[in-house]
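Going down the list, the sequences are from chains A and B. Per the UniProt record's numbering: the first sequence = residues 1 to 306. Per the UniProt record's numbering: the second sequence = residues 1 to 253.
None of these hints come from the bench; they were simulated from the model. Please read all numbers here as calculations on a predicted model, not as lab measurements. Do not rely on the hints blindly, as some may be mistaken.
[Said to hold, decoys possible] Below 27 Å or equal to it, Euclidean Cα-Cα: the simulated DSS-like pairs (lysine-lysine) are:
#, chain 1, residue 1, chain 2, residue 2
1, A, K277, B, K14
2, A, K129, B, K98
3, A, K170, B, K98
4, A, K306, B, K98
5, B, K135, A, K277
6, B, K35, B, K184
7, A, K306, B, K14
8, A, K306, A, K170
9, A, K120, A, K11
10, A, K7, A, K57
11, B, K98, A, K225
12, A, K221, B, K98
13, B, K61, A, K277
14, A, K225, A, K147
15, B, K135, A, K306
16, B, K14, B, K214
17, A, K211, B, K98
18, B, K98, A, K277
19, A, K139, A, K31
Spelled out, the chains give:
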Amino acid sequence: MLNAIDKKLLKAVADLDHMPKGPFNIRKNGKLLSREVSGNINIESNEDGTGIVVTVKPGVIDESVHIPVILSQAGLHDVVYNTFIIGEGADVTIVAGCGIHCAGSGNEGHEGIHEFRVGKNATIRYQEKHVATGEGKGKRTLNPTTKVYLDENAVVEMELTQIGGVDEAKRVNEAELGAGSALIVTERILTEGHQIAVSENNIVLKGDNSKTNLVSRSVIKEDSKQDFYANVEARAKSFGHIECDAIIMDNGVNETVPALRALHPDAELTHEASIGKIANDQLIKLMSLGLTYDESVDRIIRGFLK
Amino acid sequence: MLELKEIYFTVPDKEAENGPAEKTILNNISFTFEKGKFYGITGPNGCGKTSLAKTIMGINKATHGKIIYNGKEITEMSITDRAREGIAYGFQHSARFKGVTFRDLLAIAAGTDDEGKLMDILARVGFCSLDFLDKPVDSTLSGGEIKKIELATTIARHPGLAIYDEPDTGIDLWTIEPMVKLIKRQITDYETTTIVVSHNKAFLEAADCLVLIKEGQIAYTGDLEGAKPLLSDLSVCRYTDLCEGEIDAQCYR
Numbered sequence: 001m002l003n004a005i006d007k008k009l010l011k012a013v014a015d016l017d018h019m020p021k022g023p024f025n026i027r028k029n030g031k032l033l034s035r036e037v038s039g040n041i042n043i044e045s046n047e048d049g050t051g052i053v054v055t056v057k058p059g060v061i062d063e064s065v066h067i068p069v070i071l072s073q074a075g076l077h078d079v080v081y082n083t084f085i086i087g088e089g090a091d092v093t094i095v096a097g098c099g100i101h102c103a104g105s106g107n108e109g110h111e112g113i114h115e116f117r118v119g120k121n122a123t124i125r126y127q128e129k130h131v132a133t134g135e136g137k138g139k140r141t142l143n144p145t146t147k148v149y150l151d152e153n154a155v156v157e158m159e160l161t162q163i164g165g166v167d168e169a170k171r172v173n174e175a176e177l178g179a180g181s182a183l184i185v186t187e188r189i190l191t192e193g194h195q196i197a198v199s200e201n202n203i204v205l206k207g208d209n210s211k212t213n214l215v216s217r218s219v220i221k222e223d224s225k226q227d228f229y230a231n232v233e234a235r236a237k238s239f240g241h242i243e244c245d246a247i248i249m250d251n252g253v254n255e256t257v258p259a260l261r262a263l264h265p266d267a268e269l270t271h272e273a274s275i276g277k278i279a280n281d282q283l284i285k286l287m288s289l290g291l292t293y294d295e296s297v298d299r300i301i302r303g304f305l306k
Numbered sequence: 001m002l003e004l005k006e007i008y009f010t011v012p013d014k015e016a017e018n019g020p021a022e023k024t025i026l027n028n029i030s031f032t033f034e035k036g037k038f039y040g041i042t043g044p045n046g047c048g049k050t051s052l053a054k055t056i057m058g059i060n061k062a063t064h065g066k067i068i069y070n071g072k073e074i075t076e077m078s079i080t081d082r083a084r085e086g087i088a089y090g091f092q093h094s095a096r097f098k099g100v101t102f103r104d105l106l107a108i109a110a111g112t113d114d115e116g117k118l119m120d121i122l123a124r125v126g127f128c129s130l131d132f133l134d135k136p137v138d139s140t141l142s143g144g145e146i147k148k149i150e151l152a153t154t155i156a157r158h159p160g161l162a163i164y165d166e167p168d169t170g171i172d173l174w175t176i177e178p179m180v181k182l183i184k185r186q187i188t189d190y191e192t193t194t195i196v197v198s199h200n201k202a203f204l205e206a207a208d209c210l211v212l213i214k215e216g217q218i219a220y221t222g223d224l225e226g227a228k229p230l231l232s233d234l235s236v237c238r239y240t241d242l243c244e245g246e247i248d249a250q251c252y253r
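Isolated chain A, as found in the complex:
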């Protein structure tokens, strides 16, 4: 069952103190650790055994499903293919995430390839946290991919967070939006040391009145590096906005490339991007309230990544 490290990782990635109520699937070191299904939400292994299929019945409201992954086996690079089929009119929360604990010199990694098929008028909130811990010298790699297909009037809100310990991450987000659908993505990444994180986002607005808002908040500390690429392509009368902000500290390096492609005359696409140090007026304000310089920096970053 769960040892102390597992519990710590589960708490970090899925805010779980114990086994969740309702459906869940916990994967540990490349294998199923525990699974629970409900009458409304089914979880089963896929045909080739490389992942799971989560099926939410149409019209299911206010239910949640947890599918965290934990890794603590040196040398293991776990790859999993998960599919989510969300029935029409459903409204659910999916809590994913991966926690790696590296205690030795062997590298550890996880690639979660998630495909979402979101039915008409359905809404999902998808939360994915990535954390790596441990004093080991092995490299911790997390390469998540999400592919999202939104049917008519579907809504997907994605919160993607990577706060600490991950040496290398390459995230790919792809989405195709049907008529009237909406995709809101908020990505928060903090890197430090020599960590590297790359985020590639390709969103296609296919249906009339579809809309997307892609928000990226990056904090790049010490000698770390983050690259953020966002492409929004509008093939219909639609709305898209990209907002990417990066705070650079120490010797951090960042490349941010927002790209907008309007292939329809009624498309409305905007972006705003800023890269820079913490604003001096923010620091001075907090210090004038009695915080030290370091406390002020910490408070600003916590807010920025909140």
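Here the structure of chain A is known, so what remains is to put chain B in place on it, guided by the hints.
Showing chain B alone in chain A's frame:
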């Protein structure tokens, strides 16, 4: 309470034609602010009012001179340490954050996130509604709203010395009078020594003492009546009948 002794503040003169040079912003300022008094600092644009206020708070570092607060020299102290000594500052141009709410700032200022205590502060401030508390302090706030936050976070610290730099900027005319009353109530209840940098008639009339700055030096200290001729002569502020009829009649501009 607060003594400024021969304060100079200089900055590099970027417009100097003959190589590196310095520009004197504050030129030998000496003055004592007494406990529990209300001081209005005024003067023409660019005369050094804000520079003086920032030098007291430690945002500007005095090039020469001494600053003594409650008998302790604070000239070399950081902003943080001055704040912890009991000096609070309401900024003319307020910082905007991402992911920080008014509640967050107020809790830092008050040193507690206790809901009841934060509510007490709001009640005291009066003009901040409860739903205002969870607003993010970002670019969605109007200039007036963020100035109210400045005032509230200053009040929340129960400072021995409160400095307000142009607190009326962006504030609607209906709010100025309550703002003056609040500042005066702080003085009455807590003996807060108060310095307001302003051109605003309401603040200058409420002050016990005006400090008129001209070209980095103190040109006058005393009551408003004595200052009126100087205010007009300096073209800083007009205190004439003409001013009364203007839309911006609240200001001595």
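(request) Against the structure, test the hints numbered earlier, and report the numbers of the ones violated in rising order. (result) 7, 9 and 10
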